[in-house]
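Since the structure of chain A is already known, use the hints to place chain B on it.
2 protein chains.
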Amino acid sequence: MSIKLETRVQHTCFDGAQGFYQHHSEIIGLPMRFSVYEPPLARQQRVPVLFFLAGLTCTEETFMIKAGAQRYAAELGLMLVSMDTSPRDTGITGEADDWEIGAGAGFYLDATEPPWSKYFHMESYVTQELCHVILSKFPADPERMGIFGHSMGGHGALTLALRHPGLYQSVSAFAPIAAPINCLWGQKAFSRYLGESTDSWQKHDATALIESGHRLPALLIDQGLNDPFLAEQLHPDYLETACQKADQPLLLRRHAGYDHSYFFISTFIRDHLQHHLAHLTSTTRQ
Amino acid sequence: MSIKLETRVQHTCFDGAQGFYQHHSEIIGLPMRFSVYEPPLARQQRVPVLFFLAGLTCTEETFMIKAGAQRYAAELGLMLVSMDTSPRDTGITGEADDWEIGAGAGFYLDATEPPWSKYFHMESYVTQELCHVILSKFPADPERMGIFGHSMGGHGALTLALRHPGLYQSVSAFAPIAAPINCLWGQKAFSRYLGESTDSWQKHDATALIESGHRLPALLIDQGLNDPFLAEQLHPDYLETACQKADQPLLLRRHAGYDHSYFFISTFIRDHLQHHLAHLTSTTRQ
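The listed protein sequences correspond, in order, to chains A and B.
To convert a position in the first sequence, counted from 1, into my numbering, add 1.
To convert a position in the second sequence, counted from 1, into my numbering, add 1.
Only chain A is shown next, with the shape it has when bound in the complex (with noise of 0.2 Å):
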């Protein structure tokens, strides 16, 4: 498969390269674009790849934009990924009328039900086409990839990586939607792109994932204690209980004062870099 991209804009940045990009996607079925910074390192050697799913009314300028972690990428050797949070300009009716579904809302997963199920299929165009583009056109380490996210991109990251035992070697997430069955912002996305059944939430469900025996990469969580969606729709506790129950190796570091905007990723984004660098290093280097 033949693999055409547009380069929409470059910025040289740290001495790497930042660069915004659109392709046609087949899994989606339309443009989708994404973003990456190559760190200097990246001009001699593959580097390991980190792909960052950003949350709700984001594309994937945001993250570029506002946390701050190319300097740190660039220290490190570090390739950064994001990409839209959504299909764009489906056609479908209201597709932009509600923040909380549809476009910027695709909460990386592939729908099944009508409307959405025609184009919404994020799961596996992050897990599988993103993927390949970026193993094919830029100079990533099949072997050393990661994946992290916030809030909606939070919950995406967890769920791929447990979703698709060892495709990502670290995880880490800020502020994630850690048990979406359980709140509002979930159970309106479930129930729109994956039916009415239940079962098929649990499947997208990091908490239930957990409890029901997947497993994740040692696994790094910040959360703000001034988020104003910490007590109804993040529900970090109850992924650290079923992680607790599991023995799953959970860091999940809470901060005072903090709260769910890119000023609180951005303060802890070096933090995020350096754990999946480890963990990158650690377990594939040995």
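Keep in mind that the hints are not guaranteed to be accurate.
As the list claims (entries may be wrong) - Covered, in the sense of this in silico footprint (three residues per stretch, anywhere, with C-beta under 8 Å from a C-beta of chain A), are these stretches of chain B:
1) 13-22
2) 67-77
Said to hold, decoys possible - In silico BS3-like pairs for lysine-lysine, Cα to Cα no more than 30 Å straight-line:
3) B:Lys138 / A:Lys67
4) B:Lys67 / B:Lys138
5) A:Lys67 / B:Lys67
6) B:Lys138 / A:Lys138
The hints are simulated quantities; they were obtained by calculation from the structure and are not laboratory data.
These numbers were taken from a predicted model, which means no experiment stands behind them.
Idealized CB from N, CA, C, for every residue including glycine.
Only chain B this time, still in chain A's reference frame:
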């Protein structure tokens, strides 16, 4: 004069406080917005403060979201202030129709020509009223104030420092409009805001001000060589020549590959904060 601030939103960031504010500006005659990052050290004592002037189309949010400066401000104990780039919602016909003039394009001067002269008083706003608000409401040290900016805001930083000697003890710029009377951006803005007499233009042109005997603290400028505005609009070489003739200290760094974006700014922001801290300390703490 009692100062009333509306706090629009605050975020914890690198253990400091990132706030976005609005107040009624007496000098502008309308509400104005600005942003402040207070480093952790500011909880204990007054700290040096840097005013960042953003470029065309930007707002008080741009620098705080995109530059990645807070990490270094937290480490170095520096307060950061940014502000909107013009009055907004003035009712002037066509105020937002052209990105080079009017809303988002205040050029950090006091307009003398109608219709702009009624509200467009950005020089007095930044050097007097905002300065007073910051020193009154935040733990900033009035003896250690620096100014810097980007593009139109680089022009602003240079000219405000040149026109108000002693107010700012440190100055730097990213890709400034260094000789605005010699570029279309400057000619367009100055003719509309200041009238057709170029005598008044000279007083708001950094290169002309140096040539006419004005001086600055030791100046740092970073300029990307892939900047699409370099050849036609920025003219750092004009400023460099004037500084050489005038024995005005200038470190002008030209960076291959870098463009006009905040990806460029973020790469070198640490150097600028260190430049300011060094000069704020050395000039006022002897």
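| task | Tell me, in ascending order, the numbers of any earlier hints that this structure violates. | result | Of the numbered hints given earlier, the structure breaks just one, which is hint 6.
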